[in-house]
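A.B. asks: Listed below are the residues making up each chain.
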Amino acid sequence: MYPHERSLVKAMENKPFVLLGVNSDPSKDALKQVIAAEKMTWRSWWDGGSTQGPIATKWNVHGWPTLYVIDHKGIIRHKWIGSPGDKVLDETLNKLVKAAEEDAKKTAK
Amino acid sequence: MFRSVGGIIALLLALPAWGYQDKSKEKPTTPEQQYQALLKEENDAMNAFQEAYQKAKTSKERNKIIAEKYPRPEKAVPKFLELAEKYPQSPVAVDALTEVVTRARQGGKDSPRAKALAILQRNHVQSNKMGRICQSLANSYGKEETDLLRSILAKNPSKEVQAEACLALGQQLGQRAKLVRLLKSRAELMKQVEQVFGKELTEELHKADATKIDAESAHYFEEFAEKYAVQMKPDRIDQLCQGLGRLGVSGSEALLRAFMGKDSRREVQGFACLALAKSLKNRADDMSESKEAEKLRQESEQLFERAITKYADVKLSFGGTVADQAKGALYELRYLSIGKVAPEVEGEDADSKKFKLSDYRGKVVLLDFWGNW
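Taken in sequence, the protein lines are chains A and B.
Add 304 to the 1-based position in the first sequence for our numbering, that's all there is to it.
Letter 245 of the second sequence, counting from 1, is numbered 243 in our numbering, and no numbers are missing.
These are computed hints drawn from the structure, not numbers from a lab.
Remember, predicted model here, so these are calculated numbers, not experimental data.
The beta carbon of each residue, even a glycine, is placed where N, CA and C say it ideally should be.
Wrong hints could be hidden among the right ones.
The calculated EDC-like cross-link candidates involving lysine to aspartate or glutamate, where the alpha carbons are at most 16 Å apart (straight line), are [stated by the list, open to error]:
{"#": "1", "chain 1": "A", "residue 1": "Lys383", "chain 2": "B", "residue 2": "Asp283"}
{"#": "2", "chain 1": "A", "residue 1": "Lys332", "chain 2": "B", "residue 2": "Asp347"}
{"#": "3", "chain 1": "B", "residue 1": "Lys361", "chain 2": "A", "residue 2": "Glu317"}
{"#": "4", "chain 1": "B", "residue 1": "Lys55", "chain 2": "A", "residue 2": "Glu405"}
{"#": "5", "chain 1": "B", "residue 1": "Lys338", "chain 2": "A", "residue 2": "Asp333"}
{"#": "6", "chain 1": "A", "residue 1": "Lys362", "chain 2": "B", "residue 2": "Glu192"}
{"#": "7", "chain 1": "B", "residue 1": "Lys55", "chain 2": "A", "residue 2": "Glu342"}
{"#": "8", "chain 1": "B", "residue 1": "Lys361", "chain 2": "A", "residue 2": "Asp375"}
{"#": "9", "chain 1": "A", "residue 1": "Lys362", "chain 2": "B", "residue 2": "Asp366"}
{"#": "10", "chain 1": "B", "residue 1": "Lys189", "chain 2": "A", "residue 2": "Asp390"}
{"#": "11", "chain 1": "B", "residue 1": "Lys361", "chain 2": "A", "residue 2": "Glu406"}
{"#": "12", "chain 1": "A", "residue 1": "Lys362", "chain 2": "B", "residue 2": "Glu344"}
{"#": "13", "chain 1": "B", "residue 1": "Lys58", "chain 2": "A", "residue 2": "Glu317"}
{"#": "14", "chain 1": "A", "residue 1": "Lys377", "chain 2": "B", "residue 2": "Glu342"}
{"#": "15", "chain 1": "A", "residue 1": "Lys336", "chain 2": "B", "residue 2": "Asp349"}
{"#": "16", "chain 1": "B", "residue 1": "Lys205", "chain 2": "B", "residue 2": "Glu192"}
{"#": "17", "chain 1": "B", "residue 1": "Lys361", "chain 2": "A", "residue 2": "Glu342"}
{"#": "18", "chain 1": "A", "residue 1": "Lys362", "chain 2": "B", "residue 2": "Asp322"}
{"#": "19", "chain 1": "A", "residue 1": "Lys383", "chain 2": "B", "residue 2": "Glu192"}
{"#": "20", "chain 1": "B", "residue 1": "Lys67", "chain 2": "B", "residue 2": "Glu80"}
{"#": "21", "chain 1": "A", "residue 1": "Lys319", "chain 2": "A", "residue 2": "Asp407"}
{"#": "22", "chain 1": "B", "residue 1": "Lys176", "chain 2": "B", "residue 2": "Glu202"}
{"#": "23", "chain 1": "B", "residue 1": "Lys325", "chain 2": "B", "residue 2": "Glu303"}
Coverage of chain A stretches by chain B, computed from C-beta distances (three or more under 8 Å per stretch; other residues unrestricted) [stated by the list, open to error]:
{"#": "24", "region": "306 to 320"}
{"#": "25", "region": "368 to 378"}
Covered stretches of chain A, going by a simulated chain B footprint (3 or more residues, C-beta under 8 Å) [said to hold, decoys possible]:
{"#": "26", "region": "340 to 349"}
{"#": "27", "region": "355 to 361"}
{"#": "28", "region": "395 to 409"}
With the rest of the complex left out, here is chain A (with noise of 0.2 Å):
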């Protein structure tokens, strides 16, 4: 998935998008690790060490990766659990990031 997860930051920059992670790696020196191998430019939350640490419990978690699309209200739209695969996951974000641009134009004017 972390090819994939580059290119879509790379391709959304200067966009209203955000890819956020939530790292359940058992320390922070093991995300730090995984980070700089895989190169990722996005940032994640480590969550205390665990699959069953504070925010993967809140969250209901209990498979993994498991993906949320949250909209840029704040609105949750979207839940997978697995990559629902890479076509389907650009064509959501694509519409939800349009319109969210469209929606920034609005209030400008």
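With the hints as your guide, set chain B onto chain A.
C.D. replies: Below, chain B without anything else, positioned relative to chain A:
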């Protein structure tokens, strides 16, 4: 905890097929001993792989270990099949063929899986060992599997085995209908499904009538509720309910309602109440947003509440209690459903810097729960 199905499929696809070439040194003598030796060989290889995989730190190291150490089913399957073909009538053949069916992917008519199903159909439908394979067949999609289960149900003298076959038919047909629907609504998945299940089965699924299959599935669940539910032990019902909660097919819900309303065992009522709540929630999540989805979520919410008030302390075999699972799911239903405002996420990154989700309001957020462990 489980890895996603997509991930597992990707993993399987990444592995090239390998022929079996090992010429073993000294062979154990009896068929039973040969079977045990094979099983041990495979378990040892799997343990060695898992140990190495857990020690790996980067995805590069992990990929290397998968390439070098993952015990490919393509390697083990022919060994078990060979053993069964050597002793096709012996009870050990059932064990060996169960391993084949559990490990081998779907294939054409000459695939190891198809051969194994044919031998079982021909020689073993009456065997008292067939209960285990029913549970494995429950998790399949093909017609050969359905046919074998039907034969077991009709011909096996053991009530316990019949119960497993009847249940497996409900589950197998239910998930078959689910896949048929998925293929109809998302045609782009055809290719992926074809890679895993082969052309034949994929085309058959594409043409099939989901409503009809659902009705058949419901029929077997009803038959099970009527004839076999009472005799089943609570720990098996626990395991079954966990599976049905995840599966989320409407046909199984009558059975769950029967467990809940008619079974006198309190723990069984608790397992079923939790599973029914989960099943309704999963069905709602699979639907596009609609009044019907909203109705399912409402009932699901009520059932989670009931599970917490009436069955909180009932212990589950996979750890935790009914209340543990119901509370998490209830929170998800109330605050993490599609259309709700995302709850706050607060914490620290790898550099111990604090940040929160609401910092990014105004942007579309892809929130990814990930990790390597």
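A.B. asks: Work down the list of hints and note, for each, if the structure agrees.
C.D. replies: Hints, verified against the model:
{"no.": "1", "hint": "Lys383/A x Asp283/B", "result": "holds (9 Å)"}
{"no.": "2", "hint": "Lys332/A x Asp347/B", "result": "holds (8 Å)"}
{"no.": "3", "hint": "Lys361/B x Glu317/A", "result": "holds (12 Å)"}
{"no.": "4", "hint": "Lys55/B x Glu405/A", "result": "violated (40 Å)"}
{"no.": "5", "hint": "Lys338/B x Asp333/A", "result": "violated (34 Å)"}
{"no.": "6", "hint": "Lys362/A x Glu192/B", "result": "violated (37 Å)"}
{"no.": "7", "hint": "Lys55/B x Glu342/A", "result": "holds (12 Å)"}
{"no.": "8", "hint": "Lys361/B x Asp375/A", "result": "holds (7 Å)"}
{"no.": "9", "hint": "Lys362/A x Asp366/B", "result": "holds (14 Å)"}
{"no.": "10", "hint": "Lys189/B x Asp390/A", "result": "holds (14 Å)"}
{"no.": "11", "hint": "Lys361/B x Glu406/A", "result": "holds (12 Å)"}
{"no.": "12", "hint": "Lys362/A x Glu344/B", "result": "holds (11 Å)"}
{"no.": "13", "hint": "Lys58/B x Glu317/A", "result": "violated (27 Å)"}
{"no.": "14", "hint": "Lys377/A x Glu342/B", "result": "holds (13 Å)"}
{"no.": "15", "hint": "Lys336/A x Asp349/B", "result": "holds (8 Å)"}
{"no.": "16", "hint": "Lys205/B x Glu192/B", "result": "holds (14 Å)"}
{"no.": "17", "hint": "Lys361/B x Glu342/A", "result": "violated (24 Å)"}
{"no.": "18", "hint": "Lys362/A x Asp322/B", "result": "holds (12 Å)"}
{"no.": "19", "hint": "Lys383/A x Glu192/B", "result": "violated (25 Å)"}
{"no.": "20", "hint": "Lys67/B x Glu80/B", "result": "violated (23 Å)"}
{"no.": "21", "hint": "Lys319/A x Asp407/A", "result": "holds (13 Å)"}
{"no.": "22", "hint": "Lys176/B x Glu202/B", "result": "holds (14 Å)"}
{"no.": "23", "hint": "Lys325/B x Glu303/B", "result": "holds (8 Å)"}
{"no.": "24", "hint": "306 to 320", "result": "holds (count 4)"}
{"no.": "25", "hint": "368 to 378", "result": "holds (count 11)"}
{"no.": "26", "hint": "340 to 349", "result": "holds (count 5)"}
{"no.": "27", "hint": "355 to 361", "result": "holds (count 5)"}
{"no.": "28", "hint": "395 to 409", "result": "holds (count 5)"}
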